[in-house]
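Visitor: Using the sequences provided together with the hints, build the complete structure.
Chains as they are written, first to last, in our numbering: chain A, 63 to 140; chain B, 306 to 844.
Some clues are possibly wrong.
Cβ-Cβ distance ranges computed for the label pairs, FRET-style [to be verified]:
1. A/D90 x B/P588: 23 to 31 Å
2. B/R366 x A/A98: 46 to 54 Å
3. B/C496 x A/A98: 26 to 34 Å
4. B/Q516 x A/A98: 51 to 59 Å
5. A/D90 x B/Q587: 25 to 33 Å
Calculated from the structure, these hints are not laboratory results. Using N, Cα and C, we set each Cβ at its ideal position, and we do this for glycine too.
Take a look at the letters that make up each chain.
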Amino acid sequence: MRILFFAQLKDITRCAEMQLTCAETDADGLWRAVLAAHPGLEPHRGSIRLAKNAEYAAPDARFTEADEIALIPPVSGG
Amino acid sequence: MHIEIQLTREPIPDHWPPPAGARMGAWAEFRGVVRGEENGASIAALEYEAYEPMAEREIRRSLLDLAATWPCLAAQVIHRLGVVAVGATAIYVGVAATHRAEAFALLAGFLNRLKQDVPIWKRRALPEVEPPSPRKIQPALPPEAGSAVTAILQRLRQLCPPLETERVPLHAARGRVLRETVDAPEDQPACDRSAVDGYAVRLDDASGTFQIVDEIRAGDWKPRELHPGQAVRIATGGALPCANLQVVMREAAEVRGPVLRVRQRDAERHIRFRGEAAGKGQPLLQAGTVLSAGALGLLASVGGVRPRVTRLPRALHLATGNEIVAPDQVPAPGQIRDSNSTLVREFLGQWNMAPGQRRLAEDEARLAAELQQLDPALDLLLISGGASVGEHDFTRRLLAGAGFEIHIHKANARPGKPLIVAQRGRTLALGLPGNPLAHFVCLNLYVRTALAHWSGAAQPPGFQTGRLTTDLHSDGQARETFWPARWRQAAGAATLTPLRWSSSGDLTALAEANALLRIAGGTGQLPSGSVVEFWPCQE
Numbered sequence: 063m064r065i066l067f068f069a070q071l072k073d074i075t076r077c078a079e080m081q082l083t084c085a086e087t088d089a090d091g092l093w094r095a096v097l098a099a100h101p102g103l104e105p106h107r108g109s110i111r112l113a114k115n116a117e118y119a120a121p122d123a124r125f126t127e128a129d130e131i132a133l134i135p136p137v138s139g140g
Numbered sequence: 306m307h308i309e310i311q312l313t314r315e316p317i318p319d320h321w322p323p324p325a326g327a328r329m330g331a332w333a334e335f336r337g338v339v340r341g342e343e344n345g346a347s348i349a350a351l352e353y354e355a356y357e358p359m360a361e362r363e364i365r366r367s368l369l370d371l372a373a374t375w376p377c378l379a380a381q382v383i384h385r386l387g388v389v390a391v392g393a394t395a396i397y398v399g400v401a402a403t404h405r406a407e408a409f410a411l412l413a414g415f416l417n418r419l420k421q422d423v424p425i426w427k428r429r430a431l432p433e434v435e436p437p438s439p440r441k442i443q444p445a446l447p448p449e450a451g452s453a454v455t456a457i458l459q460r461l462r463q464l465c466p467p468l469e470t471e472r473v474p475l476h477a478a479r480g481r482v483l484r485e486t487v488d489a490p491e492d493q494p495a496c497d498r499s500a501v502d503g504y505a506v507r508l509d510d511a512s513g514t515f516q517i518v519d520e521i522r523a524g525d526w527k528p529r530e531l532h533p534g535q536a537v538r539i540a541t542g543g544a545l546p547c548a549n550l551q552v553v554m555r556e557a558a559e560v561r562g563p564v565l566r567v568r569q570r571d572a573e574r575h576i577r578f579r580g581e582a583a584g585k586g587q588p589l590l591q592a593g594t595v596l597s598a599g600a601l602g603l604l605a606s607v608g609g610v611r612p613r614v615t616r617l618p619r620a621l622h623l624a625t626g627n628e629i630v631a632p633d634q635v636p637a638p639g640q641i642r643d644s645n646s647t648l649v650r651e652f653l654g655q656w657n658m659a660p661g662q663r664r665l666a667e668d669e670a671r672l673a674a675e676l677q678q679l680d681p682a683l684d685l686l687l688i689s690g691g692a693s694v695g696e697h698d699f700t701r702r703l704l705a706g707a708g709f710e711i712h713i714h715k716a717n718a719r720p721g722k723p724l725i726v727a728q729r730g731r732t733l734a735l736g737l738p739g740n741p742l743a744h745f746v747c748l749n750l751y752v753r754t755a756l757a758h759w760s761g762a763a764q765p766p767g768f769q770t771g772r773l774t775t776d777l778h779s780d781g782q783a784r785e786t787f788w789p790a791r792w793r794q795a796a797g798a799a800t801l802t803p804l805r806w807s808s809s810g811d812l813t814a815l816a817e818a819n820a821l822l823r824i825a826g827g828t829g830q831l832p833s834g835s836v837v838e839f840w841p842c843q844e
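Guide: What follows is the structure, encoded as structure tokens:
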């Protein structure tokens, strides 16, 4: 699956996106996989919302290979 | 409620006209401007970033949500991205309503939502203004003429996020876009192999004469220790029997029965070492790669027989017009053969797509029924307009009537001015002007851009630069012009030969065109050798 990073998260991961190969999983499983690749995100986890295919994901959402996931840090538009 | 949303890197105009509408009694506007101070420090500019498809979706969702409480007629939201200087407008919101109370309430509610849910970020504050670096070669493109097509392409990029993926067998994968990174499952090659036909001997064995003790062909696996004075006959690609060997080329050896005499030893070991091409876990192909024959061969070599690729868009093409007949029929006076259906089918076929196609008379009721019954899973709807009067408004009215939101209703370019870009659910609709050259231009610029962004390709198409091989006589028309041309690579640079083009109904240029020259509005004559922008077309 494709994982997108935005704003200050890009400074931590030093990339705008990564490709993750994993079986269907929930938010916890997804976080484990993302943190394994980018442990620097751990302190920000509490403030990051997950989006699936350009929509905020429900807490019980399942994520599959086909999904585009985005890590949304606190927004600051306007 | 009618909603228009733009996320743009262009400055927001100082004046934005309110929409027309007899029911409108209030037009409330808000502009957020960049303050000269951020977190106590003075700044010159802010840089904004967005997750564009989601930002648009969240803006729309918020507006629709709020409109349930405060019914309004229309809303226009423009948010800047990129570098925005102090004092410039970063966000513009206009709300039209019957009365002012709803307009104010919706406006205020929306701005609160924006700051909570819409994925747009102030990326960083800049101590000095960094002008965005324009990549323009052609000097002085008038912004009105140049920005329109750029804006349409940007809008299409926003409307077409990458589609879902699927796994397909290799024989169905050529031209598709890989959406996973494929790593080497093991070292490539997996063991030391001989690079030549010859004889393997110990590297530390300086003898001139050897006893041939075995023969290894490609595919054999015969590990063994070689002792001084021993050699193994080995074929190209054969797995070496142990480490620390050298392969003596056949040409440097003389063989009599089982005895090998080496005429000459050189420094080269003639071995393809394990992991030399790629180590285990090293990426062989990156996500976003368009799968070529070579890439598929590479996948086959590592057992990647069902690569994950972007699924193909589902497309439907409706050719409308009372004057068109099938190509195998003889047109009556006043009629023409329908060439657009062939053009569209073959164009989409280049990306493995097989669109559904129907040829329909310009019967509004019939077409409206057709649009109502569309498969909601349809990704792309192309409507070729007929040549009859009012075709443009006809298509636009039909789409709007069927619940499509109109994003673009005119291109500031020729040919192809009466372009419509609309969306309903996941279906992107493009209304294309009827004449074939306009079709060719719109397919190559707009449909190609939509397909590329849907596909998730790492390198979407874009404008390139090259030099004219002959003078080009343009007529100084105000609108940006796309001129059919033939491009080729000569001495490391692109050269472009404009093709004869008499009118936008002219098909003769299509047969040869493989590029579209982009001629800025107001351009008269361009001498041979001028640097021009062009858009390469698939051949």
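Visitor: Under the constraints set out in the numbered hints, which ones does this structure not fulfil?
Guide: 2
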